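S.K.: So you can see what is in the structure, the chains are spelled out below.
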Amino acid sequence: MTADTRADADRLVAAARAGQDEQAQADPVLDVRDLTVSYIGPDGGTVACRDVSFQLGRGEVLGIAGESGSGKSTLITALTRLQRPPATTTAGSIVFHPAGRPGIDLVPLGARALRKLRWTSMSIVLQSAMDALNPVMRLGDQFADVLRTHNRGMDRAAARTRTTELLGMVGISADRARSFPHEMSGGMRQRATIALALACSPQLVVMDEPTTAVDVVMQRQILAQVLRLRRELGFAVIIVTHDLSLLLEVADRIAIMYAGRIVEIGSARALYRSPAHPYTRGLRDSFPPLHAPLTTLHGIPGTPPDLRRLPSGCPFHPRCPVAVDACSTTPPPLVSLPEQAAECLLLTNEEAS
Amino acid sequence: MTSATNVEVAQPPPAAPGGTVVPTTRLRVPSRWSFMLRRLGFYLAAAWAAITLNFLIPRMMPGDPSVAIIQQLQRVSGQQLPPETLVSIQALFGNPDANLFEQYLAYLGRLARFDLGTSISRFPTPVADVVSSGLPWTLMLVGSTTVVAFVLGTSLGVLTGWKAGGRLDAILTPASTFISAVPYFWVALLALWVFGFQLDWFPSSGGYDPDAQGVAFWVSALRYGFLPAATIVFSAFGGWLLGMRNMTVTTVREDYVLLAQAKGLSPSRVVLRYAARNAMLPSFTGFALALGGVIGGALLTEIVFSYPGIGYLLYDALTKRDYPVMQGVFLLIALTVLVANLVADSVYVLVDPRVREQG
Amino acid sequence: MPSSLWSNPKVRFGLVVVAFFTLLAVLGPWLTASVLGLDPRANDISAIASPPSAEHWLGTTQFGQDVLAQLVAGARGSMFVGVLAALIGTALAIVFGVTAGYFGGTVDNVLNFVTNLFMVMPVLPLIFIVSGYLRGTGLWMIAVIIGVFGWAGGARTLRAQTLSVRNRDFVLGMRMLGESHPRLIAVEVLPHLVGWIASMFLGALIGGILAEAGLAFLGISDSGAISWGSMIQAAQSQSAVLRGLWWWFVPPGLCIALIGTAAAMINFGVDELANPKLRAGTRRVVRRTRRVERAVAAAEGGAA
Numbered sequence: 006m007t008a009d010t011r012a013d014a015d016r017l018v019a020a021a022r023a024g025q026d027e028q029a030q031a032d033p034v035l036d037v038r039d040l041t042v043s044y045i046g047p048d049g050g051t052v053a054c055r056d057v058s059f060q061l062g063r064g065e066v067l068g069i070a071g072e073s074g075s076g077k078s079t080l081i082t083a084l085t086r087l088q089r090p091p092a093t094t095t096a097g098s099i100v101f102h103p104a105g106r107p108g109i110d111l112v113p114l115g116a117r118a119l120r121k122l123r124w125t126s127m128s129i130v131l132q133s134a135m136d137a138l139n140p141v142m143r144l145g146d147q148f149a150d151v152l153r154t155h156n157r158g159m160d161r162a163a164a165r166t167r168t169t170e171l172l173g174m175v176g177i178s179a180d181r182a183r184s185f186p187h188e189m190s191g192g193m194r195q196r197a198t199i200a201l202a203l204a205c206s207p208q209l210v211v212m213d214e215p216t217t218a219v220d221v222v223m224q225r226q227i228l229a230q231v232l233r234l235r236r237e238l239g240f241a242v243i244i245v246t247h248d249l250s251l252l253l254e255v256a257d258r259i260a261i262m263y264a265g266r267i268v269e270i271g272s273a274r275a276l277y278r279s280p281a282h283p284y285t286r287g288l289r290d291s292f293p294p295l296h297a298p299l300t301t302l303h304g305i306p307g308t309p310p311d312l313r314r315l316p317s318g319c320p321f322h323p324r325c326p327v328a329v330d331a332c333s334t335t336p337p338p339l340v341s342l343p344e345q346a347a348e349c350l351l352l353t354n355e356e357a358s
Numbered sequence: 249m250t251s252a253t254n255v256e257v258a259q260p261p262p263a264a265p266g267g268t269v270v271p272t273t274r275l276r277v278p279s280r281w282s283f284m285l286r287r288l289g290f291y292l293a294a295a296w297a298a299i300t301l302n303f304l305i306p307r308m309m310p311g312d313p314s315v316a317i318i319q320q321l322q323r324v325s326g327q328q329l330p331p332e333t334l335v336s337i338q339a340l341f342g343n344p345d346a347n348l349f350e351q352y353l354a355y356l357g358r359l360a361r362f363d364l365g366t367s368i369s370r371f372p373t374p375v376a377d378v379v380s381s382g383l384p385w386t387l388m389l390v391g392s393t394t395v396v397a398f399v400l401g402t403s404l405g406v407l408t409g410w411k412a413g414g415r416l417d418a419i420l421t422p423a424s425t426f427i428s429a430v431p432y433f434w435v436a437l438l439a440l441w442v443f444g445f446q447l448d449w450f451p452s453s454g455g456y457d458p459d460a461q462g463v464a465f466w467v468s469a470l471r472y473g474f475l476p477a478a479t480i481v482f483s484a485f486g487g488w489l490l491g492m493r494n495m496t497v498t499t500v501r502e503d504y505v506l507l508a509q510a511k512g513l514s515p516s517r518v519v520l521r522y523a524a525r526n527a528m529l530p531s532f533t534g535f536a537l538a539l540g541g542v543i544g545g546a547l548l549t550e551i552v553f554s555y556p557g558i559g560y561l562l563y564d565a566l567t568k569r570d571y572p573v574m575q576g577v578f579l580l581i582a583l584t585v586l587v588a589n590l591v592a593d594s595v596y597v598l599v600d601p602r603v604r605e606q607g
Numbered sequence: 435m436p437s438s439l440w441s442n443p444k445v446r447f448g449l450v451v452v453a454f455f456t457l458l459a460v461l462g463p464w465l466t467a468s469v470l471g472l473d474p475r476a477n478d479i480s481a482i483a484s485p486p487s488a489e490h491w492l493g494t495t496q497f498g499q500d501v502l503a504q505l506v507a508g509a510r511g512s513m514f515v516g517v518l519a520a521l522i523g524t525a526l527a528i529v530f531g532v533t534a535g536y537f538g539g540t541v542d543n544v545l546n547f548v549t550n551l552f553m554v555m556p557v558l559p560l561i562f563i564v565s566g567y568l569r570g571t572g573l574w575m576i577a578v579i580i581g582v583f584g585w586a587g588g589a590r591t592l593r594a595q596t597l598s599v600r601n602r603d604f605v606l607g608m609r610m611l612g613e614s615h616p617r618l619i620a621v622e623v624l625p626h627l628v629g630w631i632a633s634m635f636l637g638a639l640i641g642g643i644l645a646e647a648g649l650a651f652l653g654i655s656d657s658g659a660i661s662w663g664s665m666i667q668a669a670q671s672q673s674a675v676l677r678g679l680w681w682w683f684v685p686p687g688l689c690i691a692l693i694g695t696a697a698a699m700i701n702f703g704v705d706e707l708a709n710p711k712l713r714a715g716t717r718r719v720v721r722r723t724r725r726v727e728r729a730v731a732a733a734e735g736g737a738a
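Protein chains in written order, with this note's numbering: chain A, 6 to 358; chain B, 249 to 607; chain C, 435 to 738.
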């Protein structure tokens, strides 16, 4: 009951901030509303993602950041419809808008229809390229099978040519197509999975911690490459990571997740300069700035809450440095600000005062 | 012992026995050859160990087997043994007048000439002849049933693992758990009772129709062999199914299978080329190791059906205290299993591009 | 551990069955003798090879012996061999596996080589041969032989586990502090292997029971001893199959199968507890999730 009223309220607020994400609103590639994902246990479900709503514009880079256990991985598998029991989507919609065609809600979509959309519309780059590539298949074969599944007419030679082209885009030489994954270095494997993700010219690439398995230098190289390819090919990107400083550099907009909710969403600039949510502030201050002199770092005290026993009111209030009494009783509404929106009770007070 | 520590300790077992070593880029084509050479060296050492064990066992046993054998041979033959036979038996089973090292050299010399001694129960047939008469029957029976059980169990294991928690899984997995715990020879007894005697569908003993000739002989061999073969397949496939099921359930949750699904590949392709192909790797190693067990099980099954293979020979030798035949049978089984292991290792190198380093 | 172990239905089933047979082996023979007044060796001339009846619940053998009393006595014989063989096998596996894994280097190479040798040897035929020389020596000798030849698989597992425990920070730290090796093994390494050792012991127990049954079936066991295997062997040698005396050879085989299933269930359940990927594949989890999915779909369909 409360969830419904809350969702309604959120929708109103979302409508109210229609002006701020013009690009996303005008021509969205993905429109997620009230997405709720639960893990079904013996005594009911544990909600790992609650009422997640956001829009993604064509060619936009959306970053999603949060600590482990914030529900960001759950969100990814729900968005890509790759979840397995005991996880299940219990509410909400994920509407995908192919260019020039009506939107399709992915949530009720059957396996066969979903398979047609996969990779041609939405592809994914997983955290560890070592684990994401089939260890007993040559790299080229892993390109060829997806190319030839989605282009019935393509023959082996054409698939080989396309693979060479794709590998070339990420700076891998053509002869590597004959290699097995274990014969390549970590950075090369990760670049290969990015090339693989672009094989069928998708409109959206979802990246789950794409650079945690490689070293810092390689991280920068890979992300620069992704941004360049996005400029050339025009796909949108959802990039999920726990590394906010990295998102501040690459993302157009950023969503901050805490305890399964998006607690703040807005332009990267706004979130860096003036984070509205105390949690966002905490995250920002716990990373060293990349292009500025090192100042004092502040961690966030405490640990993420147990999703099975969420604190009442605002789930962040036990760790919040600025919490007031009302925070432990009243669930915070989503408050729209000029360049961002955040769920914090204090923002309503500021508005009131 | 608290719950937390135990769960932490009981990490998922390594994918392959001996542990999956994270492959490095250093491993290129030549390492396959060095891997095979190392395995070959190991099996040669194992063969030597089996031969030596065969030498030591009769010498470590209480009493003096060679004296007992000579006495028995003289009794069954009713005459003094020719000196050549005496020398052969003492070389193989112990000579109280020579030291262990001299005995060992003499023993190896005999083996090099394929002299395994003389059978007591079938005097004067040489053991080598007795054993080689049973070998084709066992090879056919164990060979065919092992392959059938492996293929059947592995495919069903992929199916149940892929649809883990489904209906097929709910029936087949507990059933296989039960079946794989049942002793082979007891299943053989039940099969004999039901299909051999109650229903009278199959002959109850022997390996062929002694009156049949030519084609009829081969047809009778199939008919006689069906029930023992079916018994072994029935007892053995459950183990493959369980192993493959659990490996598939684990593999299906690997990222590369997830990615294969995200790629929108057809389900059959995801299952076969991505999940099953990887889940099968440990089964190949298990295949060779399980051979020893299947042979042991087949020995007992052969006895129930009086099937003219190695197992029945061994049983016959045990009841008649025909030590030379017992030793010969063991040596033969040990060497056969080692060769099978070597073959399985070679296949493994072909199916897994990452050469696994193991001891 | 006990509570989470107990919550798994597979483990629960297995533990109940193993406990039942253990109790049967310990108390059973006394119960059949004093309560039912049955002696497994007594010959009832008035009931030769008779099917199950009020007087003989599981019928009698060719020699007029009560099958139920034999089954209970056989439980003691089979369990005795199983436990003793498992004790010896597990002890050897610990000595070889843990030592090899802990010390590494040359010690590991030598011990691992020996372990692999025993792995590839066809153990069952080997046991047949050795017991063939030592025939009629009784159940304890059989148990020793089974234990001595059947430890290699366990040693291999323990070696791998020891290797991983040894390289953890706390063990390395203690070593640098100058703790002695035996103390480190006993205090730091072994406690982490208890789960593996327990499941190995269980596996060896069942393996021992099965191997003894096989040996008894070959007629190697001491003819005076009663075990499930010797019951089947007696039935076989008296042509019980040919004559359809199923109550003679079916119950002991069922008992072996049941206790084997129990052990397999426990191992299966412990695997599920240890490996979350396996747990997610259990029927309960899948059905629960599908039920919720159907409910959500139905609710949305109703709303639309």
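Since the hints were made in silico from the structure, they are not lab data. In this text the structure is predicted, and so the values were computed from the model without any measurement. A couple of the hints might just be wrong.
[Said to hold, decoys possible] Calculated lysine to aspartate or glutamate pairs in the DMTMM-like style (CA-CA distance at most 25 Å, straight line):
| # | chain 1 | residue 1 | chain 2 | residue 2 |
| --- | --- | --- | --- | --- |
| 1 | B | K411 | C | E706 |
| 2 | C | K711 | A | D257 |
| 3 | C | K711 | C | E727 |
S.K.: Could you tell me which of the numbered hints above are not met by this structure, giving the numbers in increasing order?
M.R.: Going through the list in order, the structure violates hint 2 alone and respects the others.
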